[in-house]
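Student: Residue numbers (UniProt numbering), protein chains in the order written: chain Z, 1 to 586; chain U, 1 to 622.
Since the hints were made in silico from the structure, they are not lab data.
Treat the hints with caution; some may be incorrect.
Reference excerpt, derived from the structure (chain U facing chain Z, CB under 8 Å, subset only) [what the hints assert, rightly or not]: (1) Val56; (2) Lys58; (3) Phe495; (4) Asn498.
Only pairs whose alpha carbons sit at most 27 Å apart, straight line, appear in this in silico DSS-like list of lysine-lysine [stated by the list, open to error]: (5) Lys151/Z to Lys61/Z; (6) Lys299/Z to Lys291/U; (7) Lys521/Z to Lys323/U; (8) Lys529/Z to Lys151/Z; (9) Lys312/U to Lys529/Z; (10) Lys299/Z to Lys466/U; (11) Lys537/U to Lys521/Z; (12) Lys529/Z to Lys291/U; (13) Lys507/Z to Lys8/U; (14) Lys466/U to Lys529/Z; (15) Lys453/U to Lys521/Z; (16) Lys135/U to Lys521/Z; (17) Lys312/U to Lys507/Z; (18) Lys299/Z to Lys539/U; (19) Lys539/U to Lys524/Z; (20) Lys507/Z to Lys226/U; (21) Lys154/U to Lys135/U; (22) Lys299/Z to Lys532/U; (23) Lys524/Z to Lys525/U; (24) Lys524/Z to Lys532/U; (25) Lys242/U to Lys291/U; (26) Lys521/Z to Lys467/U; (27) Lys529/Z to Lys154/U; (28) Lys281/Z to Lys154/U; (29) Lys524/Z to Lys467/U.
Here a beta-carbon is modelled for each residue, glycine too, at the ideal position from N, C-alpha and C.
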Amino acid sequence: MEFAELIKTPRADNVVLHRPFYLAVEGTLCLTGHHLIFSSRRQDNAEELWLLHSNIDSIEKRFVGSLGTIIIKCKDLRIIQLDIPGMEECLNIASSIEALSTLDSVTLMYPFFYRPMFEIVEDGWRCFLPDEEFELLSSATDEWRLSCINKEFSVCPSYPPVVIVPKSIDDEALRKVAMFRHGSRFPVLSYYHKKNGMVMMRSSQPLTGTNGRRCKEDEKLINATLRPGKRGYIIDTRSLNVAQQARAKGGGFEQEAHYPQWRRIHKCIERFNILQESLIKLVEACNDQSHNMDRWLSKLEASNWLTHVKEILTAACLAAQCIDREGASVLVHGTEGTDSTLQVTSLAQIILDPRCRTIRGFESLVVREWLQAGHPFQQRCAQSAYSNSKQKWEAPVFLLFLDCVWQILRQFPCSFEFNEQFLIMLFEHAYASQFGTFLGNNENERSKLKLQQKTMSLWSWVNRSEELSKFQNPLFEANSLVIWPSVAPQSLQLWEGVFLRWNRPSKFLDEAHEEMISIIKYNKELQAKVNALRRQLAQLETVDRMQENLRHTQLGIVSPLGSSSVSKLHTVSAEAGTLTSTQLYG
Amino acid sequence: MEHIRTTKVEQVKLLDRFSTSNKSLMGTLYLTATHLLFIDSSQRETWILHHHIAAVEKLPLTTSGCPLVIQCKNFRIVHFVVPRERDCHDIYNSLLQLSRTAKYEELYAFSYNPKQNESEQVKGWQLIDLAEEYKRMGVPNANWQLSDANRDYKICETYPRELYVPRTASKPIIVGSSKFRSKGRFPVLSYYHKNKEAAICRCSQPLSGFSARCLEDEHMLQAISKANPSNRYMYVMDTRPKLNAMANRAAGKGYENEDNYSNIRFQFVGIENIHVMRSSLQKLLEVSGTKGLSVNDFLSGLENSGWLRHIKAVLDAAVFLVKAIAVESASVLVHCSDGWDRTSQVCSLGALLLDSYYRTIKGFMVLIEKDWISFGHKFSDRCCQLDGDPKEISPVFTQFLESVWNLTEQFPQAFEYNEAFLLQIHEHVHSCQFGNFLGNCQKEREELKLKEKTYSLWPFLLDEQKKYQNPLYNADFSPELTLLEPNTVSFNFKFWRNMYHQFDRSMHPRQCVFNLIMNMSEQNKQLEEDIKELEAKVKQRNGQSSAVPVKEHQQSAHPAPMALKTPPSFKKEQPLIPVNDAVRTIEGSNTADNRYSEFVAEFSKAEPAVVSLEYGVARMTC
């Protein structure tokens, strides 16, 4: 298919662009296969807007006389309005945008056409491989092994080719366990807590059905993670009611009788259209500036968004608490184990593991616990808050995860190497991107699409110093502790950076943020200068003292310290210098 | 002291307010003449001033003892369990007596001695000089003058002695107008905008009933509008809801009839009365104090309390006032019923939006002295300083502070002061530790001889102003008379957690960016000094080692001790380390603080006590 067939009017002049809090701009609109490009003709302040078609969530058209208006609502929640003179042009453009923003085939998406203009320092497709992860693990324990059982995606289509499983369980047993778990997602290692050797595993629901089927290998597998005499916790992300109902459809939950060493806790995390509707309602409430206070609060409440945030965070904290405080191992699952399960396991790691709070560590977490773990990004992020399609599989599961991370980041603003912008960037790229990272629903699909060969990885772009500097948190000081966020409603806040981003002028807040950064930068400069001066002074003092000692010796006075003390003094001051700097820069 | 029967009770438990698993601290409770003190087993102290106690409640006896719940005016709530009922009863009765003071002279301010000498005390009271402030605004001038009509509080008891009125308003006009206004509170100047030559004036409601009029009052308003050469129209803002104002007519009060006054534009702005505000806050506190609160209950509780709606109404009114002055250069007369609650809120917030001086630490003190203290906001009644009519209590001043806080959130660089400053002022409005807020009006304060017998709060706040400085403040952000134009869209108003949960540390962010930046900018000043000093030393050394080496030899005759001690250039490091330390300690937190812990019964294992209520910084113990 040629994109040109879909573009009847590739260009329109005298188009007026309206955005909230900006003056209207007149310019030229161009359509290409993947972009909508608007450029203003004003010479003093030429402005260009590039919008990926895949970022467009919905469009509306209106006509007043021959002046057409297109309202474009984006997946990143922005809304823009274009006034296009000429009814035909407007209709053509609208229908082109509609067609181009809803292409069926993944291979027609922009990542397959995008050619990077930057130099690739490190290929993101080769970062965060499971082998590296396993190497880290094996330095701490030898109770686990890498299994290649899923090499051709033959056992579990939504798992990666390589998974980490207990050493004592062979591939044959794994095959049997896979038969007993929904979508063949048998329990695998998600996280190893070095502090006490406890682990977190994840899987899908067991297929117990109504007559209480059991699987010895499954029991053996998860029991293999328990220390003698210890108990573990199974966190089921569904309410007991939902879990019981699942039995009628062949699913179910681990029965106490068959898993006597495990204690099951049910948490209720919503999925699918309930979340999508929550997002739609929230964005609707945020976009209406005319609401009075009561209406705003009741709309915010009715959206239930913060309730979902609280539920997810609570479940993650519970999992972390079982591991860190109770010294127990944990198995997390819901139904498929691709949504709420991943929210819980990934957030628990952010709470427990300082590594996940660094930029690279967080990227690795997203790769491990979301991409490789088979969260169906393509289905979930097909549409965002302005969608009308109401497909069951669309849901802001990943956005909710990012929101939860933001809530923790707000409560521990110095413990994360990345800033809010980093999270917003991931949200944007999950929904529309020039990179192939979030395409497809699992590793199996990604390998079939040959993304590694045909598209660029988001990480190749992000992990360059030019980009990284935008995402670094200037307040970061490595914090090796477990961080327990507060989940009280008074402590949770609306994520303004995403939901109010396009709805209010942010000039004053941005300026204040810049001022904050400049104070931090200035502080670092001053510290460096003080340290340099101190070193210089210490050296001068040493030189003086050496001269003096020399003079004393010449005069026949024996110095109590002698020449060795001089070099000692030198080391002392050098040490003090480094000490200061480590103290101050963390 | 005669109220204190038991001064010390041991084995008292302090329960965690939000924990449902009855987590508690064991300690000893002491009762002093001014404070209730709890010292827990790890020697952490919780001090509660008797005047801060809003309510004491004794709950039914339980197996572990007799529960005693104390609610404070600064929104601290403590829940003790006293082992013996008799002790509990004694403490309960003592606190009941001690927290209800009958006479001003028994308030803490009269016994509080901060070790200042007399001249310091006098100087402290002179720190804020309102005559100076009116001069700063540009009055007296050709159109406005100081009136001596109220010099002896003869016309209006609740106004200050010094009042500024239009030059054309003669004494008979003033007297006539005051007779036509509730409590004699006739229109006077509150703020003068020298660039626009427009004024904010304030008064109480007219005694118009259904048809009464008063020529002097009409002249008074005319004089105000004539005092403004740039716009002959003036606005009259009735800050009450229209319905309330109309109801007042039946009692012979009411509002201005536009037909009787020339050149006025009359406007209602609909801020509710003190009773609505009191019950709104009550509802808010009930919701925020609920154990195991869900998000939806919180949001619907917030909505039902109406609290944020009221805050928005107050700010909206101030924005309306500011537009009249800044856009139309029109003078505005503001009133409510008595002109000391809503009128104070709107006038002071209006001035704060118009004039950047009030966004400085000193300026904010001046603003409070002017529009709240001198114009007779009834602090004593509203904050229940003496045992009195509970229907007079109302969080009007708290709302003012909250409105200012909302503005600081929207304009992070426009204010010299920070949230801690607002919280500290709120603390002392209720503490009765300083004389400023005692009594209901200036006349009463003079009779109490507060300036001789008590101390002023402001010099103490200025002394520790480092704590109250906003590190992001940019004086260039708002040069003199720069207007702030806040956005009052509903989503900009947030629940003020640091006010209503100030003492519930588990709800706060565990690391505070604001404090960090504050410490850092403080540290930057120190570092700049250090650099200067070090540069001078290096220069000196360089000069010495090349030019006069002999002199150097004489100066440091004992190199050995120098090497053993810290080198002199490191001495300056000392102040830096605590700063960084303070930053670093607030790192971890504890599961026990949070309510996700209670799903598993076994989890209620004893944990090392971690949260002190007073300075409660949650620390990781592992």
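Student: Each of the hints needs a verdict: does it hold here or not?
Tutor: Here is how each hint holds up against the structure:
no., hint, in the structure
1, Val56, "violated (25 Å)"
2, Lys58, "violated (28 Å)"
3, Phe495, "holds (7 Å)"
4, Asn498, "violated (10 Å)"
5, Lys151/Z to Lys61/Z, "violated (49 Å)"
6, Lys299/Z to Lys291/U, "holds (24 Å)"
7, Lys521/Z to Lys323/U, "violated (39 Å)"
8, Lys529/Z to Lys151/Z, "violated (56 Å)"
9, Lys312/U to Lys529/Z, "violated (48 Å)"
10, Lys299/Z to Lys466/U, "violated (41 Å)"
11, Lys537/U to Lys521/Z, "holds (26 Å)"
12, Lys529/Z to Lys291/U, "violated (51 Å)"
13, Lys507/Z to Lys8/U, "violated (56 Å)"
14, Lys466/U to Lys529/Z, "holds (25 Å)"
15, Lys453/U to Lys521/Z, "violated (49 Å)"
16, Lys135/U to Lys521/Z, "violated (42 Å)"
17, Lys312/U to Lys507/Z, "holds (22 Å)"
18, Lys299/Z to Lys539/U, "violated (67 Å)"
19, Lys539/U to Lys524/Z, "holds (23 Å)"
20, Lys507/Z to Lys226/U, "violated (39 Å)"
21, Lys154/U to Lys135/U, "holds (25 Å)"
22, Lys299/Z to Lys532/U, "violated (57 Å)"
23, Lys524/Z to Lys525/U, "holds (13 Å)"
24, Lys524/Z to Lys532/U, "holds (17 Å)"
25, Lys242/U to Lys291/U, "violated (39 Å)"
26, Lys521/Z to Lys467/U, "holds (22 Å)"
27, Lys529/Z to Lys154/U, "violated (66 Å)"
28, Lys281/Z to Lys154/U, "violated (60 Å)"
29, Lys524/Z to Lys467/U, "holds (22 Å)"
When the structure is compared with the earlier hints, violations turn up for hints 1, 2, 4, 5, 7, 8, 9, 10, 12, 13, 15, 16, 18, 20, 22, 25, 27, 28 and for no others.
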